[in-house]
Each structure stands twice: as C-alpha cells, then as structure tokens.
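Can you build the whole structure from these sequences, using the hints too?
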Amino acid sequence: MKTFYWLVKREFWEHRGGFFWAPVITGSVFLLLNLMAIVAGEVWGGMHGFCMGICTNGTSMHSLANALDQQSMDKVGAGLDLVMYSSTLIIGMVLGFVVFFYCLGSLYDDRRDRSLLFWKSLPISDSATVLSKVIAATVVAPFIALICGVLAGIAMLLMFAITLSFHGVSVWHLLTLAHPLQVIVNVIGSIPLYFLWALPTVGWLMLCSAWARSKPFLWALALPVGTGIVIGWFNLLGTMNVGNGWFWREIVVRALFSIFPGGWLRLAQGMQMEQLGEDGPEHALDFLSIGHSYGVLASPDIWIGVVAGAAMLASAIWFRRWRDDA
Amino acid sequence: MSAVITANGLSKRYKSSLALDNVSFQIAPGRIVGLIGPNGAGKTTALKSILGLTDFTGELNVLGFDPRKQRDKLMGEVCFIADVAVLPRWIRVREVVDFVANVHPRFDRKKCEAFLARTKLTPDQRVRQMSKGMIVQLHLALVMAIDARLLILDEPTLGLDILYRKQFYQNLLEDYFDENKTIIVTTHQVEEVEHILTDLMFIRDGRIVLDADMDAVGERFIEVMVNADRAPAARAMKPLDERQVFGKSIFLFDGVERSQLEAMGEIRRPSVSDLFVATMKETYA
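Protein sequence lines correspond, in order, to chains A and B.
Residue numbering for the first sequence follows my numbering, starting at 19 and increasing by one per position.
Residue numbering for the second sequence follows my numbering, starting at 19 and increasing by one per position.
In short, the hints are calculated from the structure, not lab data.
Errors might be hidden in some of the hints.
[As the list claims (entries may be wrong)] Below 25 Å or equal to it, Euclidean Cα-Cα: the simulated SDA-like pairs (lysine to any residue) are: (1) K199/B to W137/A; (2) K27/A to K199/B; (3) K27/A to A146/A; (4) K93/A to A173/A.
[What the hints assert, rightly or not] With beta-carbon atoms standing in for the labels, derived distance ranges: (5) E192/B to F38/A: 39 to 45 Å; (6) D126/B to V270/A: 33 to 39 Å; (7) V227/B to R34/A: 18 to 24 Å; (8) L176/B to L236/A: 29 to 35 Å; (9) D84/B to P318/A: 52 to 58 Å.
Please read all numbers here as calculations on a predicted model, not as lab measurements.
Ideal Cβ positions, reconstructed from N, Cα and C, are used throughout, including at glycine.
Quick look at the structure:
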C-alpha cells in the first residue's frame, strides 16, 4: 500500500504541470476573463445607461430583489449554480486533454528515454506500476481539476454576487439562492463515475502506450478511426451491414473521448440533451445532479466499457512486463 | 556456499539472430565477474535475462528466484545500473531519494545521504541539469545504499571522463563490495576493471568462450617474448596470437607448460585486453 501511494505520488511529481498547474491556470484565466467582462459590462452599462445581467425589462436593480417572486428566485439561484458549473466545465475540458496525453505517454515515455530500466530495477511489480498510473489518471487528476473547478466556481459566484450588490441586491440574499454545497457534491461526487466511464479510453490509450514501438498517438487514433472508415466503406458497397453510426458512437468515441468528464450524461435516462435549451436552468441542473448522473449505472453500456477497459489494462500490464526494447 | 546465479541451457532468439546460444554458467557469491565480449555478442541479453527484463528458454536461477516469474521479488535483492542516463530526466535528487527510500525495503537513507554529501549534487537539482558524471554519481549513491546481494553493471562508466571512472570503481570497492555481495560488470574499458575482477567470462556470438577465475587465467594463458630466431619454433606450438614488438615476437599460449615456455624467452601474464583481442579475432571478419 505504501509502495502504491509513492507510485501515485511519483506520477504527480512527473506530471505536476498537467495535473496541477493546468487546472489552476485555466481557472485563473477563466476568472480573469470573467472579471474583465464584468468590469467592461459595468463601464459600458454605466456609459450607456443600461444595466447588465438579469435586468432586461427595465426594472431597476434596486427593486429587483423585492420584485422577484418565488419562481424567479429559483431561476436566479439555478442561474448562479450554472455559473458555478461553468468553471468546472472549462477545467473539465482541459482535464480531458491532460488525461488523454498523460495516458498515451504513461507507458511509452519511459521506454523511449530508457528510464524504464531504472524503474524496473526497483522491487515494484508491473501491475502496481500500471494501476498507479490508472489511479493517477482517473482519480488524482480529476480530483485536483474538479477542486480547482469548484474553487473557481465559488470565486465566480462571489464575483457576480458582489457585482450585483453594487446594484443594491444583497450579496447574502443572492448567495442563499444559490446551492454551492449541492454543486460541490454533484461535481466531486462524480469522480467515481468518471473513473468507471473513463476506463475504456484509459485502457485503450495505455494499451497503445505499452504496445507501440513508436508513435502511440498515431496508433491510438488510426486503429479505431481506420476501422470505422473500413466499415463505412463496406456499408457503402452494401456487402456488409454493420451499424456504422453505432461503431463510431460506441467504439471510436468511447475508446478515445471518454476521458472528457460528463460524457455519461448522454446515457443517463429520463432526459435528452436536446431538451436542455427549452427548459429553464433548473432543468439543466436536474440533468447535472448526482442522482441523475448515477442513473447511468443502470445501463449496461457503462459496464461493458468497464470490462473492456479492464481487459485492455490487463494487456497493457502484460506488454509492460514483456515488451523488450529498452 | 550456493551459487548466486545458475544458468542452464540459456537461449534467446531474436527475429533473425541467436543472442544466447545454449549458455550455461554459475556465479558464486563474493565474486566480481567481468562479462566481456564484442558488440552484439549477447552480454546485454544475458544481463536482461538475469534481471527478468526479457524472456528466454532454458533454466535460470538468480538468488533462488526465477527472473521470469518473480521479477519484483528478485529486484529486492538485485541492483542494476545500465549505461548512463537511465534516471528519469524530470526527477529531483530529493524526490528520487524519497521514492527509493519508500519503495525499497533494503535502502539505507542515511548511507545514501552520506554518499551524496561527498558530491556536488544538491537536493533540488533535477537529473536533466546534471552532467553524465553526476547522474552516475547519483545512481551509484542510490545503489550503494541498498543492501543487495547482487549488483549488475552494464557499461556503467560509458561516456564518463577518467576522473569519474576511477572514482566510480574506487567507491564500489571501498564502500560497497564485501564477501556477501556479487558484482557482474560488462564494459569495453577492460583495462579499468582488470585489477578488480576475480572472475572473467568472455562471450562471443551468444556463447561463453572463456569462464575462469583470474588465478586460473594466469596459469592457463602465458605470454612469452621470443627472439626472432626462435619464432618459428614457437609458432609450431600453435599460439593463440602473435605480435611483433621491437623486433621480438610476443606469443600468447593457452594451456602450454610454463617450464616449456620459460625456456623460450621472457614470460609474463597477458593483460585481459590482449587476451580478449586474441580470443575475439575474426569476430567482425
């Protein structure tokens, strides 16, 4: 167990840039841009006599808080929650890219620079090494990223609340409308789901990383995409009738892009993405809620992905053990 | 005492060539074995087999473990320095010491820090900022702090200047080696290890062509310096090798009676490099 902890720590040391600084910097830039937008909005609004944000029908900001009935209060709260999610969303995108390239390099880079020989000279099993990298990719990286996302979200919330307070709306009143704790629970609580959902992509990328003699990126991309094109071609000829769309959606996308958080929402039952725009923000929030997310576990798709991912990781361990080219 | 390594009928085939061809040998504890051979003779393959880094056929027992099946356990007792610069470039001195201290049960942190104190390395220095010599110093400090029973060195001093090379072997002998430890070293700089070796193993085309301790080598191989007039007689005795120096001929004999050679001229013990060159003649032809 101690060895495993240090193995994960080693991954963090090596990839501090991607795991820690990338989300921190993304969050900071996001906050900075929002701050600039708010300041610009204030200045511009001040010059032209408009008010920003939710006051669209000419209501004076001062009376806004009083004028809100219960339903619109909910809307404001939900809007603020969405503001909190927005930072997590951006950082989640960055996380996806970080994890993608981390996995591709995880079992390849040390073969290329031969430091593999050093790691292999220590009494550590290859399974422990590979699994520590899986944990780094699916637990450590998302945990740090989502913490950053939540912190940036809280900062955003305060920024908006303070801005509104300049217009006479009480900060605390607004904050009570938002549900930061619930947002935090939803975001952090999704990590186990992320682990399960990301497994096929992590497995595929790490398998390529352990197996490829060179250019794991090309292999990882070319194999599924190439197969998809071949299937499409056969379909075009009419000689074979394999679901082309199915292949792209369930194999190519799952094998390459499941490391982007939130992908599981597509599968979650009860609501379709398309409905999102039509209903208010409250509905969007339901959609993001943890109970809704975990509904995915009822679908066999995610479990098939987990099994495929585990099988590919087992192969990656085998290649890690026996690939002999350092 | 039982052998540290026992190999029986070890073979390894790469796609087109046989890297190890039915090799058998034993290495006893407390020895420093020089595994010497031309490029591509199978040295690295032999070491990789011992370390469980490659698959092979035949029997191999290292410290009671089968390297194919029990590699991670085996590595608790074996240390390995490959040719320079295999430490990961991103790691800091502090980090690598921390890491090894926490994953290696036989690592003595104080010892390692004492070795590091003798160098110019600083805790926050990254491997990528070090010279080759410093990387080897760091690796050696780590390895010497591990109480392992077998140390394997594959071209450890490749690319180092002479100061680092001398210091490397000196440290090994003075602060590390004892009768419970065994060292296997491969190198092309034979002259540097010659005086520290207790055993010599020549490998050529995947086969072991010489496996003897240094005393036996000294008895078996004799160089004799012969005047030109007696050279044909010496040549008739089938020497391994002949070369000319200052108008005299130097013949290298394998297994010829010492008294017989003494009668022909001045005899001496051949250097390992001369022996190597004589044994490996025609390797690249």
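Against the structure, the hints:
1. K199/B to W137/A: Distance ~22 Å between K199/B and W137/A Cα, so the pair holds.
2. K27/A to K199/B: violated, 32 Å
3. K27/A to A146/A: holds, 13 Å
4. K93/A to A173/A: Given that 25 Å is the threshold and the Cα spacing comes to 20 Å, the pair holds.
5. E192/B to F38/A: 39 to 45 Å: With Cβ atoms ~43 Å apart, the hint holds.
6. D126/B to V270/A: 33 to 39 Å: Since the Cβ atoms of D126/B and V270/A sit about 52 Å apart, the hinted range of 33 to 39 Å is violated.
7. V227/B to R34/A: 18 to 24 Å: violated, 51 Å
8. L176/B to L236/A: 29 to 35 Å: holds, 32 Å
9. D84/B to P318/A: 52 to 58 Å: violated, 42 Å
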